[in-house]
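Listed below are the residues making up each chain.
Number of protein chains: 2
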Amino acid sequence: MNALRAWLAATLLLPLAGFAAEGMWTLDNLPAKAMQKSVGFTPDAAWVNKVMQSSARLGNGCSGSFVSKDGLVLTNHHCARNCIQELSTAKADLIKDGFLAKTREAELRCPALEINRLEEITDVSAKVDAATKGKTGEAFAKAKKAEIAALESTCTGTPKTARKCEVVTLYQGGRYHLYRYHRFDDVRLAFAPEEAIAFFGGDPDNFNFPRFDLDMSLLRVYENDAPAKVASFFPLKPEGAAEGEATFITGHPGSTQRDLTMAQLEFLRDVALPQRLMLSSEYRGYLARYRTEGAEQSRVATDDFFGIENGLKVRKGQLEALQDPEVFAFKKQQETELRAYVNKNAKLKKDYGSAWDEIAKAQITARNIYWEHRMLEGGNGFYSKYFDAARTVLRAAEERAKPNAERLEEFGDARLPQLEQHLLSTAPVYPEYEKATLAYSLTKLREYLSPDHPMVKAVLGKDSPETVAARLVDGTKLGDLATRKALWEGGKKAVDESRDPFIELARKVDGAARALRKTYEDEVKAVETKNAGKIAAARFALKGTSVYPDATFTLRLSFGQVKGWEEKGKPVTPFTTIGGTFERETGADPFALPKSWFTARDNGSLNLSQPFNFVSTNDIIGGNSGSPVINKQAQIVGLVFDGNIRSLGGAYWYDERSNRAVSVHSGAISETLRTVYGAGVLADEMAGH
Amino acid sequence: MNALRAWLAATLLLPLAGFAAEGMWTLDNLPAKAMQKSVGFTPDAAWVNKVMQSSARLGNGCSGSFVSKDGLVLTNHHCARNCIQELSTAKADLIKDGFLAKTREAELRCPALEINRLEEITDVSAKVDAATKGKTGEAFAKAKKAEIAALESTCTGTPKTARKCEVVTLYQGGRYHLYRYHRFDDVRLAFAPEEAIAFFGGDPDNFNFPRFDLDMSLLRVYENDAPAKVASFFPLKPEGAAEGEATFITGHPGSTQRDLTMAQLEFLRDVALPQRLMLSSEYRGYLARYRTEGAEQSRVATDDFFGIENGLKVRKGQLEALQDPEVFAFKKQQETELRAYVNKNAKLKKDYGSAWDEIAKAQITARNIYWEHRMLEGGNGFYSKYFDAARTVLRAAEERAKPNAERLEEFGDARLPQLEQHLLSTAPVYPEYEKATLAYSLTKLREYLSPDHPMVKAVLGKDSPETVAARLVDGTKLGDLATRKALWEGGKKAVDESRDPFIELARKVDGAARALRKTYEDEVKAVETKNAGKIAAARFALKGTSVYPDATFTLRLSFGQVKGWEEKGKPVTPFTTIGGTFERETGADPFALPKSWFTARDNGSLNLSQPFNFVSTNDIIGGNSGSPVINKQAQIVGLVFDGNIRSLGGAYWYDERSNRAVSVHSGAISETLRTVYGAGVLADEMAGH
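Line by line, the protein sequences are chains C and P.
Heads up, the first sequence is in our numbering, so the first residue is 1167 and it goes up one at a time.
Heads up, the second sequence is in our numbering, so the first residue is 1167 and it goes up one at a time.
Certain hints may be false.
Identical copies go unnamed one by one, so any copy, or any two together, can satisfy a pair.
Think about it this way: if two alpha-carbon atoms lie no more than 30 Å apart in a straight line, the pair counts; the simulated DSS-like pairs of lysine-lysine are [claimed, not checked]:
1) Lys1761 / Lys1628
2) Lys1299 / Lys1527
3) Lys1482 / Lys1628
4) Lys1479 / Lys1262
5) Lys1497 / Lys1482
Simulated from the structure, these hints should not be mistaken for lab results.
Generate the whole structure from the sequences, applying the supplied hints.
This is the structure in C-alpha cells:
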C-alpha cells in the first residue's frame, strides 16, 4: 500500500456498514426480506407484474413509464432531447421554445426513437454454459455469440418489428437471461417544456442538489398510426411522497462496475477514465467555442455538447471515486476475502482460483490496444454521422449475407430493426457541423496513432484533416435518405459499386478496425466474461444468490425513501420548491427562466410552495433517467432525472450515507402542465381521468 | 500492492542499472569520476568557468548561449516565439514569414525578454538554516522568506537593473545557494526562420524522433543601446559531433521531481496531473476552434495554443511515467531503503524519521485547496492579460510599501525589475481575444468552484461569463501603456482611486486569493521544504554528496554521447538529414515546408545530406530548450530543442536506455543561414570570423 493511502487507512475509520437501500434488483429476484426490513413492504406477484408492464425502456439508453391507457409515456426532457432537436429547424427551435401538441393529431413522430416494454424473462444460463463449456478466448467468444444469436433469433420470431429479444449477461458472466420485449417503433412527441426550465442550472447544477428542473417530456407510442392501447400503466399522484416515505424506482440502469476485479478497476482508474476524460475535455472545449459562432451553430451542436458535458461529469465523479483510498481499500478487502475463501477450498481453487490473474492479464492487452481500438473501431477518429452511416451500410452488406450466428452483434436478426431505423432516420445532418467535427476527430486520429500509422497515412494522405473533412463532406450523397436506403437495400453489390467518399473511407479502415475489435472481443472481453463467470460462481458459493448483478440496461427495481443527507456536516433537506427557482434565477443562461414561468407567476396561477425536486435513497445510475418513482400503491410520485454528485461513485459501490437519486416531484409535473403550459388535457390523462 | 501491478512486478525484471549519463549537475559539484568513466573527460576549472560564462538564461524559462563577442545569443525559435509574436502585426507576421535583420540597426527589441548570465555561486545554507532553525509552518515560511529576501537584496546592490540575485533551494530544501547574475534587459531579435520549418511536424512530431526542425533563433543583448561586449562565448563547429562522441549540455533545466516522496508523487499522479490535463485539454479544444475562425484569430492565439499543446504533451508523458508500475515500484524501493536506513539509527530516526509522514499530511491540504488555489490565485479563473496587469499593480501598491523581507516573493527588490519590464511591455493586447479567453476561464471558475461559491457570486453577480468578460474588456484602460505606468508609479493612492473594471475585479478576489496562497505556502510548501531538507540530509548521510539536486531553472551540466536507441525492438539511428525533411513534406500544415526551402533545394545550393537533427544521451528536461550542445573543446555542435517521448519520464527518473535529448545539428544551422536565408554574416559571426 502506498504512503498517502497507508497514512489515510491508518487514520480513518471505514464506516461502510448499513447498506439498507442498496441494490438494483432484477424483478425475478427481489430481496423480500431486505425490503420488508428497510421500507416495510413486500411486493406481491401482481405488484411486480404491474411494475414490469408499466415500465418502459427507451432505445437511446433512457428509462420511462407508461402513464395512460392510450400509450402516453413519461420520461425526461433530456431523454427526448435528441428527438426534440431532430424535429427542430433553424426557424422552429423546439429545444428553446418547448412543444405542446394541441391535439393527438399534432403529435410529432421522433425520427429515430424506439420504446421497449419487457414481457418475459427466461433463464438461459444452462444453454449458454453448455455451448461454451471448456472453451477459452476466440472459441469461447464465438460459441457464446452463436448461442446467443440463436436464442435471440428464435425468440424474436415474426413479425420482427414488434418483438425484440436480448440475451442479457448478468453478474458479469455469472448468469444469462433472455429478455423478450414488445417493441414500439412509432414514438411521437406530445409535450416538452423549454430547455431553460428542463435543464435550469445547466452543467453547473448538473449532479447537484438543491435543484430546480422540470426535466420532463411526454411521448406517446403508436401502433398502426393510432395511439397504442396499453393494459398496464402508472397513474400520477400529485401529492407525491412525504419525507421518510418508501419510494421505489423501476427503470433501466445502464452500467455499474461493482463486481469488477481490482485489475479492471485499476485499468479504469489509470487508463480508460483519465484518457477518455482528456479526449472529451478537449472536444468539449472545441464545441463550446463552436457554439459561440452563431445561434444556428449553437443549436446544431447543443445535443452533442450536453452529452459530452454530462459524460464528463459522470466520468470525473467515477475517477474521483476510484482515486478515493477508502473506496479502493474497501473493494480490495472484498476481493481479498473472496479470494481467500476460494483458495481455502481445493475444489473452488481449482475451478475458480486463476480467474483474477487471467483478467489481470487481459487488462494488459486492453491497455496495449486502447487507442487504436477506440480511434478506428470505437469511432473517436471519425466524428461524423455520414461515417456512421457509411460503416453501417458497408458492414451490413457483408454481415447480412452471413448466417445470423456469425454476424457482428449489432447485425443480428434481433437488432437489425433498430439499426435500420437509425440509418433511415429523417433527422437532418448539418454539413458544416460535420466538417468541423470530422476535421477535429481526424486531428485526434493523427495525434493518438501518430502521423506514421498506416491507417493515418491511408486516411489523410498528404492532406490536412480540414482538407480531407471538407472533401468528404462536400462529396458525399449519404445525406440523402434515398441514397442510404438504396445502399441498405441494394446489399453488397450496391455498396461495392459505390464511390461515395465516406463509403471509401469506411472501406479503407474496415480491415484494421475489425481486427482490433476481434482482438478486443477474443482477448479482452471473452477472457473477462469467462472469468467473471467463475468469480460470480465463487461469490454465489460464499454469499448465496441474495446478491444483485451489475447494471446492464435492463429492468431493475431499487427501493429507498425520501431523505436528505449531510454535506460537509450540514443537513441537505430533501425538497425544493417552485418558488426557490425564482430565487436562483439570474436572467443569464443557464440560470434564466423562460417567459412562460414569469407569466404564470405574475398572474398568480403558479403555486410557489409546490415541491419541485426531491431526493431519495434509491440506488440508481445513468440509464435510470426517466424512471418513475412510485409508492407502495404503484402510483407515480416522482420522475428521476439525476443523481447527486455522490451518486457517481455508485458505479463502484453504494453509500447510503450520501448517494441520492434526484427526481421531479409528481405535483410539479401536474401543476406546471396545468398552470404554465395549458396542458390540462395531458395532466388529466395522467391522472386517469 | 495492487493486483495488476503485483502481477507485473512478478513478471518483469527491472533493468534499472547503468545510469552512466544520469544527472543535471551544478557546476560547483561536477561528478569528475563518473564523467571520466562515462565520456573520458574531466573538465578543468578553466573549462567550467568558460562554460558558466558562455551560458545564458532567458527570463521566459528557456536557455541559450553566447555565440559571439558582440553579444549574439543562440536559442530556439520556440524560446523567442513570444517575442517574435509580439513584434508581429496583422500585416507583418514574423512567425509565419521569419525575420532577418539585414543590419544590426535593424534588429528589433523584444518587448519583454531578459537574459541572465551566471556570475557567482555562494553557499548560504548555513544562514538560511540558522534563520529557520526549530521553526515550522508559517513561522518557518516567514523566517525563510525574510532571510532569502535579505540575502538577495544585499547581493543585488545598485544599479539594480544590471544585477540579479536569487537564492536557489537545492535538493528540495537540502541546500540553499545564492546565484548572482548579470542581467541584460535589452534583448533584440536578429534572426528567426519561418515557423513552418522551426516547428516542422508541429504537435504530432513534438517529443518524437526522427525529427526535422530548424528550431533556432538568434538574439542579441544590448547595453547602452549598443551590442554588449561579452568576454566568453562558444564558437560554432559546423562539423558537429560524430556518433559516439562525448557531448555536454549546459543550460537551465526547469524542474524535476526525482527527490519527491511517494506521497507527493501520488498527489501528482492522482490529482495534479490528471486535473490539469483535463483543464488544459479543454482549453486546447477551445483555442483550436478559435483559431479556425480567421487568419488573424489563428495568429493571435497561436502562442498560447502552442504553449498549451506542449504542456499537455509533457504532462501526459509525466502521467504515463507515474502510472508505469515499474517506475513506481522503483521509486518506492528507493524510499523504502532510505527510510529503513534512517529508522535503523536512533539519531537519524529522531531527526528525520517523521519527514515522510509530515509531507504526506501536507498533500491532503494540497488536495483540499487544489482548485480554489489554482482558480483564484493560480490564474486559471482569469485568462486575461488585463487581469494579470491589474493584479500586478494592485499588489505592487501594497507590497512595495512593505519592508523587502515581508513582501510576496515576486515583489522582492531582486525581482522587481523583471516584473516592471513585463507590466510595461509594449506587446499588443487583443481585446477580442481577451474577451474569448476571459469568458472561457470565468466559466471554468464557476464550474470548478460551483455557482454558489462566494467568489463566483462576487465576480459574476447575475450575469453570464460572456457578459462579464465583455463588460470588463470594453471598460478597461489597462491596454494603454500610459495607464499601466501611471498606476505602477502612482502607488497605493493611484490604485485605490482607480475604478478600472479589471482593478476592481482583482480587488474583489484579492483577499481570498492571498488567503489561499498563504495556506499553500505555510501548510504545504513550507512543510514540504522543511521535511525535504531532512530527507536530503538523510540521503547525504546514506550516499554522500555525490548526488545531484532536482532541477531548479538554474545552470546545470549534463554529459553524454551521440547515440540512438531501440524503440519496440528496432534501432533508431541518431541523425536525420536535411534531405529527409523533403521526404516527410506533405504540403499540408504542419508538414508543409516554407517556400525558401524549396527555392534553396531547387537552385542546388542546399546540401541535402547535411545532418539536420540528432539525439544524445544527455539528461535534460524542459527549460533546457535553447541549450548549446558542446564538445570537449567547448565548441557548439548542436542546439537542444526537445527530448524524445521517453525523456518525459525524466521528471521522475533517468533511463539511459531510451531517454534522449533532441538537437539541431550545428552544421544545419550554419548551412541554412548561408544557403536558405542569406544570413552569411551571422554564420560568419558565429564561426568567430
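Tested hints:
{"no.": "1", "hint": "Lys1761 / Lys1628", "in the structure": "between (53 Å within a copy, 17 Å between copies)"}
{"no.": "2", "hint": "Lys1299 / Lys1527", "in the structure": "within (21 Å within a copy, 52 Å between copies)"}
{"no.": "3", "hint": "Lys1482 / Lys1628", "in the structure": "between (37 Å within a copy, 28 Å between copies)"}
{"no.": "4", "hint": "Lys1479 / Lys1262", "in the structure": "within (23 Å within a copy, 39 Å between copies)"}
{"no.": "5", "hint": "Lys1497 / Lys1482", "in the structure": "both (19 Å within a copy, 28 Å between copies)"}
Every hint from the earlier list agrees with this structure, and none is contradicted.
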